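> Per UniProt numbering: the sequence shown = residues 1 to 278.
Hints were generated in silico from the structure; no laboratory data involved.
Predicted model only: the values in this text are computed from it and were never measured.
Beta carbons: idealized from backbone N, C-alpha and C, even for Gly.
One should not assume that every hint holds.
Said to hold, decoys possible - Straight-line alpha carbon distances no greater than 27 Å define the calculated DSSO-like cross-link-like pairs of lysine-lysine that follow:
hint, residue 1, residue 2
1, Lys89, Lys57
2, Lys116, Lys72
3, Lys131, Lys88
4, Lys88, Lys116
5, Lys57, Lys116
6, Lys88, Lys57
7, Lys89, Lys116
8, Lys57, Lys131
9, Lys132, Lys88
10, Lys132, Lys57
11, Lys89, Lys132
Stated by the list, open to error - Label-pair restraints from in silico Cβ distances:
hint, residue 1, residue 2, range
12, Ser167, Thr41, 25 to 35 Å
13, Gln143, Pro37, 18 to 28 Å
14, Glu231, Arg256, 33 to 43 Å
15, Arg233, Pro174, 56 to 66 Å
16, Ala169, Arg227, 48 to 58 Å
17, Ser167, Glu231, 53 to 63 Å
18, Asp195, Gln243, 53 to 63 Å
19, Asp129, Ala202, 25 to 35 Å
20, Gly196, Ala87, 36 to 46 Å
21, Thr41, Glu229, 56 to 66 Å
22, Arg73, Glu231, 35 to 45 Å
23, Arg256, Glu229, 36 to 46 Å
24, Thr103, Asp195, 27 to 37 Å
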Amino acid sequence: MERQNPDKPGVFPQAPSQEEWDAMDEAARARVLNSLPGEVTWEEMAPPEGDRHFQAKIRALDALRGYFTRQKRRVYLAAELPVYFPAKKRFAPDLLAVLDVETHERDRWVVSAEGKGLDFVLEVHVGGDRKKDSELNVERYAQLGIPEYFVYDRARQRLFGWRLPVSGARAYMPILAQHGRYASEQLGLELQVEDGRLRFWAGHAPLLESDEFISRLEHLMAGIQLRAEEETRRAEEEAQRRQDMEHRLAEETRRREEAERRLAEVQATLERLEKNQR
Numbered sequence: 001m002e003r004q005n006p007d008k009p010g011v012f013p014q015a016p017s018q019e020e021w022d023a024m025d026e027a028a029r030a031r032v033l034n035s036l037p038g039e040v041t042w043e044e045m046a047p048p049e050g051d052r053h054f055q056a057k058i059r060a061l062d063a064l065r066g067y068f069t070r071q072k073r074r075v076y077l078a079a080e081l082p083v084y085f086p087a088k089k090r091f092a093p094d095l096l097a098v099l100d101v102e103t104h105e106r107d108r109w110v111v112s113a114e115g116k117g118l119d120f121v122l123e124v125h126v127g128g129d130r131k132k133d134s135e136l137n138v139e140r141y142a143q144l145g146i147p148e149y150f151v152y153d154r155a156r157q158r159l160f161g162w163r164l165p166v167s168g169a170r171a172y173m174p175i176l177a178q179h180g181r182y183a184s185e186q187l188g189l190e191l192q193v194e195d196g197r198l199r200f201w202a203g204h205a206p207l208l209e210s211d212e213f214i215s216r217l218e219h220l221m222a223g224i225q226l227r228a229e230e231e232t233r234r235a236e237e238e239a240q241r242r243q244d245m246e247h248r249l250a251e252e253t254r255r256r257e258e259a260e261r262r263l264a265e266v267q268a269t270l271e272r273l274e275k276n277q278r
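Take these sequences, add in the hints, and give me the full structure.
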């Protein structure tokens with residue numbers, strides 16, 4: 001059977017051109033949006049590549065989402081989300097980022113409706129033909145005006161990056177590593193392959209994934225608990241010392257009062273004897 005050509009207009013769902021979109025009223029635009037599927041077909045995407053592929057993009061998504069949430073920055077992040085550029089073949093990158101937009105959940109990214117294209121794309125390569133990620137997408141994403149594109153080749157533990165040199169350019173320039181790290185101007189972060197995983201850096205601080213963040217919190221909580229227990233033990237020891245001291249003071253007071261009582265009795269006895277001797 002002849003395979004369908006996804007580049008042919010109309011073979012797969014496609015967003016209208018920008019001119020067509022601009023000519024539509026709100027009702028027509030709503031119908032178009034509802035007609036665009038929130039998934040792509042097997043003919044349009046690479047076959048599944050297993051846990052190494054899945055975990056790499058999910059970890060990256062997790063680290064970035066946690067970081068930008070803590071920074072209170074409006075950065076929309078998604079994995080394998082269908083993207084519709086005007087009158088272009090749709091695609092679903094492993095990871096995408098769009099800056100300064102609302103971060104609510106979406107089923108698709110329609111450039112004309114959102115008013116903005118993608119700012120950052122990451123593809124993870126584990127197996128199969130590297131040409132798609134390292135050549136075809138380099139040309140395609142540049143033509144779409146995506147400012148930055150990175151490829152994490154997990155099979156070889158290597159990282160590659162490209163950037164549009166100026167606004168409006170449609171050809172990438174490679175991003176050169178500095179001390180093993182690749183700068184992302186769009187994210188304001190650095191990327192590096194470290195210890196068998198893709199790591200993002202904000203200055204000298206690594207972006208922690210959820211499990212790492214939780215592990216550090218647990219470690220901090222364990223330290224806080226240990227210090228709290230130590231403070232409690234010291235407080236209890238101090239309280240016991242105060243109690244012992246109060247007990248000793250009470251005992252000394254009792255003894256002094258007893259001695260004073262006996263002395264008073266002796267003095268009284270002596271006074272009686274002296275009185276009897278007169």
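> A separate judgement is required for each hint: does it hold in the structure or not?
Right, here's what the structure says about each hint:
{"no.": "1", "hint": "Lys89 <-> Lys57", "in the structure": "holds (23 Å)"}
{"no.": "2", "hint": "Lys116 <-> Lys72", "in the structure": "holds (20 Å)"}
{"no.": "3", "hint": "Lys131 <-> Lys88", "in the structure": "holds (20 Å)"}
{"no.": "4", "hint": "Lys88 <-> Lys116", "in the structure": "holds (15 Å)"}
{"no.": "5", "hint": "Lys57 <-> Lys116", "in the structure": "holds (23 Å)"}
{"no.": "6", "hint": "Lys88 <-> Lys57", "in the structure": "holds (25 Å)"}
{"no.": "7", "hint": "Lys89 <-> Lys116", "in the structure": "holds (17 Å)"}
{"no.": "8", "hint": "Lys57 <-> Lys131", "in the structure": "holds (19 Å)"}
{"no.": "9", "hint": "Lys132 <-> Lys88", "in the structure": "holds (17 Å)"}
{"no.": "10", "hint": "Lys132 <-> Lys57", "in the structure": "holds (17 Å)"}
{"no.": "11", "hint": "Lys89 <-> Lys132", "in the structure": "holds (15 Å)"}
{"no.": "12", "hint": "Ser167 <-> Thr41: 25 to 35 Å", "in the structure": "holds (34 Å)"}
{"no.": "13", "hint": "Gln143 <-> Pro37: 18 to 28 Å", "in the structure": "holds (23 Å)"}
{"no.": "14", "hint": "Glu231 <-> Arg256: 33 to 43 Å", "in the structure": "holds (37 Å)"}
{"no.": "15", "hint": "Arg233 <-> Pro174: 56 to 66 Å", "in the structure": "holds (60 Å)"}
{"no.": "16", "hint": "Ala169 <-> Arg227: 48 to 58 Å", "in the structure": "holds (56 Å)"}
{"no.": "17", "hint": "Ser167 <-> Glu231: 53 to 63 Å", "in the structure": "holds (58 Å)"}
{"no.": "18", "hint": "Asp195 <-> Gln243: 53 to 63 Å", "in the structure": "holds (54 Å)"}
{"no.": "19", "hint": "Asp129 <-> Ala202: 25 to 35 Å", "in the structure": "holds (34 Å)"}
{"no.": "20", "hint": "Gly196 <-> Ala87: 36 to 46 Å", "in the structure": "holds (41 Å)"}
{"no.": "21", "hint": "Thr41 <-> Glu229: 56 to 66 Å", "in the structure": "holds (59 Å)"}
{"no.": "22", "hint": "Arg73 <-> Glu231: 35 to 45 Å", "in the structure": "holds (38 Å)"}
{"no.": "23", "hint": "Arg256 <-> Glu229: 36 to 46 Å", "in the structure": "holds (40 Å)"}
{"no.": "24", "hint": "Thr103 <-> Asp195: 27 to 37 Å", "in the structure": "holds (30 Å)"}
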